[in-house]
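Q: Residue numbers (the numbering used here), protein chains in the order written: chain X, 1 to 237; chain W, 1 to 301.
Everything labelled a hint here was simulated from the structure, so no lab data went into it.
Owing to the predicted nature of the structure, the values given are computational and were not obtained by experimental measurement.
Where is the CB? At the ideal position from N, CA and C, for every residue including glycine.
Please note that a few of the clues may not be correct.
[To be verified] Here are the simulated lysine-lysine pairs, DSSO-like style, with alpha carbons at most 30 Å apart:
#	chain 1	residue 1	chain 2	residue 2
1	W	K190	W	K294
2	X	K122	X	K108
3	W	K294	X	K230
4	W	K283	W	K294
5	X	K108	W	K283
6	W	K190	X	K145
[Said to hold, decoys possible] Which bits of chain W does chain X cover? Going by a derived footprint, with three or more residues having C-beta under 8 Å, they are:
#	region
7	81-89
8	280-288
[Said to hold, decoys possible] From chain X, some residues computed to sit far from chain W (all C-beta separations above 10 Å):
#	residue
9	G53
10	S91
11	R118
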Amino acid sequence: MTEVHLPANSENMTLIEVEQLTRVDSSTQQTVLHSVNLTLKERDRVGLGGPSGSGKSSLLRAIACLDPYQSGSLRFRGETLTPEEIPSYRSRVVYLPQRAVIFEGTVKENLAIPFSLRSSEKIYDEEIAIQQLSHFDRNEGFLRKNADTLSGGEQQIIAWIRCFMMNPNVILFDEPTSGLDSDARSKFEDAVDQWFENPSIDSKAFIWSSHHADQLARLSNRQISMNRGKLEMSLES
Amino acid sequence: MSQDSLLSSIPFTPLRMDPITIREPVFLLGQAFNQGAEEISLSWMELGIASTLLVINMLVSLCLQLGLAKQLITSSFRMVIQLTLLGLVLKQIFETTMMSPVFLLAGFMTVVAGFTAVRRINTRYRSIYSTAIFSIWISSWLVTGVTLLAILRPEPWYRPSVLIPMLGMVLGNSLTGISLGLERFISELKQNREQIEGLLCLGATRWESCRDLMRRAARAAMTPILNTMSVAGIVSIPGMMTGQLLAGADPMQAVAYQIMIMFVIAASIALGTILALSLTYRKVTSPYHQIEWKNLRAREN
């Protein structure tokens, strides 16, 4: 049983449709994704559970088009992506890896990177950065810090703010709080909540993968689970 | 520039001494030998004395237990045999007026250079050999061709005593550049996997995600020749010029040659590196703006 039907939510538009997606890792010849079907609609807060190595990251990476897949399809707003559309798709559907990716330079330079890319339609707005930083009890001076020297937790906060500033439709969270202490974790969850509930930006959804059932229950309005590359069950919370 | 040994070996090999057709005011390689300048020729006996200098190296290696003694002997023997064979082949080739043997040797040298460029690269992709050979072929032959046809203009234009040493020098330097560039690009690609994918995740195109790596790799490839050019004449007298001076050439002419050679070499390295890097970039990325990690394999041996 690989097919997962998320509860119908007919008035909400479908953002992402994954159909029969199969991916075989060419170096190990292992099937990391077995005919996965998944539909993500606006306002979906999907919790993604499953043991380590079950394919949670592979699924999220596949949705972000980071790895080639052997068969199946991926549609965004009903359209199959052409190669040229992928960069701008990735700026609309952002994958946030477990370990924050930090580039050389200051915090500000790190936050500004997406806006220097060709796919970006927006400009860097420092007001938003400062407002987000204050949520994490950091002031403007934090922007001038060297991002390399920050702790893993602080780097994850930067990665989140950078993603938030891109104002994406979908965020694919890959165990984003696994390196955070409980205080930072709840601040992170709050920030995600606020982003999601902000009425000025509609058409949003996220998938959040985690080992912690309680976190998934807290954050999601529906849950799915991976096991050995298969999408197994659907729960409503 | 170890490749200079190719050209500086020329004074040791019996060059043809008959007058060379010269189109004024063009210099020809080997022209110096006809100018009656005092010439130092080496006998095998004298080379033997030079080889004893190697004993010092070996003593150092033995004392410090560097484990290099065996390698020193093997490399020295290889060098002597290769250069002797080269001398014999060059002697034959230089006497020919036919085009085919010249280009056969030139082609052989090019393919060997292409293979050598890949030798030190630990992570490879399937077509890395053809990429290296293609890049070195196009860049070296184009640059050597322009040099022969527009600058040196020997008669005939494929004159082996000019073409072979020129090509050899260009190939040797190109292969170092391509080797350094590819090595740097591939190893940094692997090391910076997170950053590169991080950029892709933020909406970067494949080019935007690799651009910095390409830049750093191109810089790595050009560094040796840039260093050589900036210290030429101050720290060292380049190998080719040394050879010409020892053979009794006029210093200003040797300088003119050396300047020309440096420019030619730099152009060839730049062209070859850009070709090799662009082809490699296309091999390791996909039109879907993904990095094809599966195409990168550790060398098998």
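Q: It remains to establish, for every hint, whether it holds in the given structure.
A: Against the structure, the hints:
1. W:K190 <-> W:K294: holds, 12 Å
2. X:K122 <-> X:K108: At roughly 16 Å apart (the allowed maximum being 30 Å), X:K108 and X:K122 satisfy the hint.
3. W:K294 <-> X:K230: Measuring from Cα to Cα gives roughly 23 Å; hence the hint holds.
4. W:K283 <-> W:K294: holds, 11 Å
5. X:K108 <-> W:K283: violated, 34 Å
6. W:K190 <-> X:K145: holds, 27 Å
7. 81-89: The restraint on the region 81-89 of chain W is violated, since only 0 of its residues have a Cβ under 8 Å from chain X and three are required.
8. 280-288: With 3 residues closer than 8 Å to chain X, the region 280-288 of chain W meets the three-residue bar; holds.
9. G53: holds, 18 Å
10. S91: X:S91 not clear of chain W: closest Cβ-Cβ about 3 Å, inside 10 Å.
11. R118: Violated: least Cβ distance 6 Å, not greater than 10 Å.
Violation of the numbered hints given earlier is confined to hints 5, 7, 10 and 11; the remaining hints are satisfied by the structure.
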